[in-house]
Structure formats: C-alpha cells, structure tokens
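Position chain C relative to chain G; hints supplied.
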Amino acid sequence: MIDFGRVQKELQECSRDMAASGIKVSPKSDNLARLVGTIPGPIGTPYEGGTFQIDISLPDGYPFEPPKMQFATKVWHPNISSQSGAICLDILKDQWSPALTLKTALLSVQALLSAPEPDDPQDAVVAQQYIREHQTFLGTARYWTESFAKASSLGVEEKVQRLVEMGFAEAHVRSALEAVGGDENLALEKLCSG
Amino acid sequence: METGDEINICSDNEVNDYYGEDANNTDCNYDSLIKEEDSLDSDSDSPVAKKRPRLEGPPDRNYKVLKQSDIRERQEKTIAEVAMVLSVSKAVATVLLRHYNWSAGKVHEAWFSDEDRVRKNLGLLPIIEFPLDSTEVKCGICFDLFPTRDEIVSAACGHPYCVECFRGYIRTSINDGPGCLMLRCPDLSCSAVVDQDMVNSLVSEEEKQKYSTYLYRSYVEENKKIKWCPGPGCEHAIEFDDNQGWDVTCACDFSFCWNCVEDAHRPVDCETVANWMAKNDDESETKTWILAQTKPCPKCAKPIEKNEGCMHMTCHSPCRYQFCWICLGDWHNHINCNGYKEDKRKEVEDAKRHVQKYNHYYERWAAHNLSRLKAVSDLGRVQTEQIEQLSEIHGKTQIELGFIAEAWQQIVECRRVLKWTYAYGYYLPEAEDAKKQLFEFLQGEAEAGLERLHGYAEKEVRQFLNADERSVNFEGFELKLKSLTGVTKKYFEKLVRALENGLSEVQEAGKSYMEEHCISYFEICELPN
Chain G
1 MIDFGRVQKE LQECSRDMAA SGIKVSPKSD NLARLVGTIP GPIGTPYEGG
51 TFQIDISLPD GYPFEPPKMQ FATKVWHPNI SSQSGAICLD ILKDQWSPAL
101 TLKTALLSVQ ALLSAPEPDD PQDAVVAQQY IREHQTFLGT ARYWTESFAK
151 ASSLGVEEKV QRLVEMGFAE AHVRSALEAV GGDENLALEK LCSG
Chain C
1 METGDEINIC SDNEVNDYYG EDANNTDCNY DSLIKEEDSL DSDSDSPVAK
51 KRPRLEGPPD RNYKVLKQSD IRERQEKTIA EVAMVLSVSK AVATVLLRHY
101 NWSAGKVHEA WFSDEDRVRK NLGLLPIIEF PLDSTEVKCG ICFDLFPTRD
151 EIVSAACGHP YCVECFRGYI RTSINDGPGC LMLRCPDLSC SAVVDQDMVN
201 SLVSEEEKQK YSTYLYRSYV EENKKIKWCP GPGCEHAIEF DDNQGWDVTC
251 ACDFSFCWNC VEDAHRPVDC ETVANWMAKN DDESETKTWI LAQTKPCPKC
301 AKPIEKNEGC MHMTCHSPCR YQFCWICLGD WHNHINCNGY KEDKRKEVED
351 AKRHVQKYNH YYERWAAHNL SRLKAVSDLG RVQTEQIEQL SEIHGKTQIE
401 LGFIAEAWQQ IVECRRVLKW TYAYGYYLPE AEDAKKQLFE FLQGEAEAGL
451 ERLHGYAEKE VRQFLNADER SVNFEGFELK LKSLTGVTKK YFEKLVRALE
501 NGLSEVQEAG KSYMEEHCIS YFEICELPN
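Chains G and C are the protein sequences, given in the same order. Following UniProt numbering, the numbering of the first sequence begins with 1 at its first residue and continues without gaps. Following UniProt numbering, the numbering of the second sequence begins with 1 at its first residue and continues without gaps.
None of these hints come from the bench; they were simulated from the model. Some hints could be false.
Stated by the list, open to error - Simulated pairs of lysine-lysine, DSSO-like, Cα-Cα distance not exceeding 27 Å:
#	chain 1	residue 1	chain 2	residue 2
1	C	Lys357	G	Lys93
2	G	Lys9	C	Lys138
3	C	Lys208	G	Lys93
4	C	Lys224	C	Lys210
5	G	Lys93	C	Lys210
6	C	Lys138	G	Lys103
7	G	Lys24	C	Lys138
8	C	Lys120	G	Lys93
Stated by the list, open to error - Sample of chain C residues at the chain G side, in silico, Cβ under 8 Å:
#	residue
9	Gly140
10	Ile141
11	Cys142
12	Phe143
13	Gly168
14	Tyr169
15	Thr172
16	Pro186
17	Asp187
18	Leu188
19	Phe441
The beta-carbon is built from N, C-alpha and C at its ideal position, and this holds for glycine as well.
Looking at chain G on its own, in the form it has when it is part of the complex (with noise of 0.2 Å):
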C-alpha cells in the first residue's frame, strides 16, 4: 500500500520552498496516487522559458518503489520520447531508492534537460539529430518549447495563421519559425529577406 502519510509530507515540503526550487507537485484526484508535477525549463538550455508538466503515478510499493513519471509537456530531448513523453532516467527504474522524494527526482528530471545523454537515448530521432545536426537540434527544441511549453504566451498555430495572412506560404512560415525558435518577429524577417 502507498505510505499516504509519507506523500502528504513531501507535498507539504515540496511547497514551502516551491519559491526556490520552482519545483511544484500537485494531486490530480483526491486519493494522492496520481499527481502532477511542474518543473521550470533550465536556464541557457533550449527549454528556458517554458513550464514543464509531469505526469506522476504512485505504485502500490512506493516509497520501496519508484513513482511512474512521463511528460505531459511535448518535449524535444534525447532521453525523452517525443511521442509519449516516457523519460530515460535511472533513478527511475533501478537507481531508485526510498530516499529520494518526487521533489529530488524532479529536480533530476529538470538536470536531465540542461544535460542530456545521448549516447543513452530514449528517442532514437532525437538523439541524432543532437549529435549530428545540433544546431539544428536545439532550433526545433525551442520551438517545441515555444509551441508546446508556454501556455502563456500566443500559440504557435496563432503565429503561423498571422503571417499565412500576410501572404507566405504554410510550409515556409513553419520552417522559418522552428529556424529562429519561434519568435514571430525574426521569422518574419528572415522569411521577406529569404
């Protein structure tokens, strides 16, 4: 059976010092098996800016076992699918111990985003596209960010409807936006000076 009492205690910790860790977890229902987890993207990565939501699901043996995590966020990275969000991360499987807290292992996820491994990767795709093609890697990374992991900002769909308008074509708007990372202005130069 999940120690309940164990989880309400990491939840009440885990908000005091959200402030400085950024780091936020949340119940989905009310039974504390199924929570969310939101992790800021590291600074000076791809991610920078967006908010990163997780799916978190307790199994029966947790704390003895790990908690199951998946992003709910689409995310471009090498140890994490792209499909469907599965992470590639050890002190979720093996390296697990009752130790660690959801606080600890998110923030191992956020680590994950400033360092990825590629030799050990999740998403195929993903992981040769950064080893053979980084720039290119980390423009369709922030756009990914930009599309997918900033809720505030305007959609990326709005964007690209806006300058489809002004007159370019679909398909040349997209790749413009995933070149300069998604930022409306400089797609719009770069596609009157192209």
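For chain C alone, coordinates are given in the frame of chain G:
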C-alpha cells in the same frame, strides 16, 4: 586454502570417458577390459563378464560434480575460514567473498595489502553511532519523528530509518531478485553495506530463505571455476580444473561442454559449434525468404530484393553495379535477354551450390541429433524393461546382461560425435582436398559401423524377447553385440583423434594414410553369426 575439502563423487557417477586416457592406444582395449573384469570375478567359469565392462573416468579427472550439499558445505567452510582469518563477522566475510568471486585467496590478498581501501570500496564502514543527545530522530523514508532510538535502525553509517521502513526497503529488494545481495544504505550518497545479519534481523523467515537461496546460487554463478549443469531439472554444479577437453558429464548423465555450455561436442571446437548453431538459427527463417525473394548481385554477391517494377537494377553503394534483373547481365551493354541461351551462370550456380552444401550437412546433423535422442530414450527402456524381460526368459542375471546397455550407451555417444562431425565437415575448407578425403573416409567408416551396431541392437534382440525361442543362440548374439560395440568404439576413437589433430596425418603420410591405417571395416567384422 581457496577451496575446502573437496567432495568427489566421481565413483557413483558412472561416466564413460570414451576417448580419454586410452587415446594413444591404437589397439582397442575392449577385450583386455573384459579379461581384467573376469580375473576379478573368480567364481565364474563362464567367459562372460559378470561386471559391466565399463571404462571408469580417470581418478584425476579434471572436473568434479558438486551436489547441493557439497556446494553448501564448501560455501560455509570458505565463509568461516575468511571470517576467522580476518577476524570479521561471517556476514562481512560473505560480502568480501561475493565481491572477490568467492575466492578466499583473493580476499586475503586484497585485505592484507590495503584493508582501508577494501572497506571503503565495499561499504564496510566502521560503525557510527547516531548522536544520543538529539531528542527526536526523523526516519529518512517516512519522514516521521521518533522519540527514542529503539524504533530506529541503521547500517554502519548511522543514517536513521525506522524499523518498518527499513524492513520495507529490504523486503522490496529481496523480492526484486539477487540484487538484494548488494544492498546498500537507502541514502543515495552513502555506500554502507546492508549485510546478511541486518537482513536476518528484520525480515520474515520466508524472505530470509529467499535471500539465502540467492546467496547459495551466487556461490556457483560468481565463481569462475564452477558452472551449473544445464541438464533439465538438474541441480548439480560442475567444478572445472584445467582445460584438457571441455566435455563434462554430470551425475544426472547430462553431457555438456563446460566452456560454451552447449551439448557436449567433442571433437569439434566451441567456435565451430557456435558458428554452426548461429547459422542454423539464421538459415531457417531468413534463408527461405531470401531464396524466394532475392537474387545475388552479379558483382558483389549481396542479395538484392527487387522492389520496383523495371528490370534495371542498381546495387547498393559502394558496389553500384547496374544489371538486368532477369538475365543478371551488365546493364550498359544490355539490349535484350528474351532469347533462350543455355548459359549456366557461375554466380547463380555458386549461390545454389552453397545452399545445397549447407542443406547436405544440416540434414545429417539434424538426423543424427534426432537419432541420438531416440537412442537415449531407448537406452532408458532397455535398462528398465528389456533387460528384466531377457533376464527372466534366459535365466541370466541383470549384470550378465549389462553388455546390452553398454551397446546402447555406445550408440548414444557415437550419435553425438557423428552429429558434430557434420558441423566440422561444413567448415572444412574445400581447397584442402586430401583432408576432406580423409575426413570423409573416417566419418564414413564410423557411420557405417554405427549403423550396423544400432540396427543390430535394435532389431536382433527381438527374437530373444519371445519366451518360446529359448533355444536360439543367445551366446552368439551376446558375442556379436559386444564385438560390434567394441569395433564401433574403435572407429569413433580414430575419428575423434583425427579431428582433434586437425587431420594432420594427411600432411605426414598423404593419401597412403588410408591404406596403411584404415583396415577395412568388414575385415574386423568377420565375426560369428
């Protein structure tokens, strides 16, 4: 030092080392063995051996069969010895031994050269007591506060966890598998070991048992000199001493190669066997498809699948050869190939020939394998039913009838050898014609001898199983079966020896070897009917 008293149960283990110590003796010593047995048997005036004339394995055989009790005894002895020499607990000795593959010698060497380093690497830390002045202790897993230390446990590092949480931690690890043998403090930055004493103090009987089973298994699995017998349902292990021939036979009668754990395959080497087995796996599924759907590129011979409509084919780079799919001719000077030309293309023929060659060897390898399995079950039937029936009808003791089981054991062993000679034959370079001839000659003789023995043992015995036929010549049958067994054995010894020498006789004597050394099979078999 490294191993305790060695329990050798070779004597109850009736293993035939068929091509063992008598390998240099070109005369078959079958007869001399019977005579030896006879002379021991002073009551008997019959020429028939009362004891089963079998070749026992040499006393200094290079492997030992270990029963469960032997393994436990050795393990306990080694642990006790290390604990005593190092003045540590048995649980700590166990941690050390596991790390050094159960070699007491290596433990001593490492420990006495740098104890501190060993302790640090293995997490065998000096015990740190948690400060007593703190009023409340927080469990590192459930985060509850505990007013006294009574409910708190720690490894040597002193990281505090409550009894319930630590128990849950150990229990989860035990249920996860043998990884529990390497359990450390739950704190990720801490390497303090959780040893068997601590495990036993916290978990249930059932879990202790599980832990101890993993520990028992690790003695074999992490030991570089011991391997489990892969025989179905067998729980013995085999300890191997040196590498003079890898084939071993367990007390359960299962024979295997200690090196690659494939079925015993002497005289063929492990590499050939591995190639052959891998080839068999590949061939069966893929080959059929490739043959049906592809053609080899006429230049580089890589199989090419035609996946578009036109006949203009271009091979993959780096080859890039362009050719016509239908006639396999060069595309650059291709005009048409609709006319019929009786032109057997070498490349196509080569590919076909290769498949035919493989099929030839595979078919025989598989047939002898099946025949061997059948012989194994027949041997069982002979030993349980047939000998009993014959004993009743013909008034002979079961020991007197041992020669029949002996013949069947020889058949089983010969089928095994013969099977592997077909893997050997497949890989024998085609260019070495003289070797190939010698090989096929020896293999042919051995096979013919075996077929005769197998057929005789299988069919001839039937007439004696009928109670009305007491008058028929049973002594004649016995004599002939014994002789056939001996002759067949001799042929196989010769074959095995030749293959183990890499057919080197060929270089020395050329083709005349066959004339000089190989007496005609039928000469030897001129025996009474």
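Starting from the hint list further up, note which numbers the structure goes against and sort them upward.
Violated hints: 1, 19; rest satisfied.
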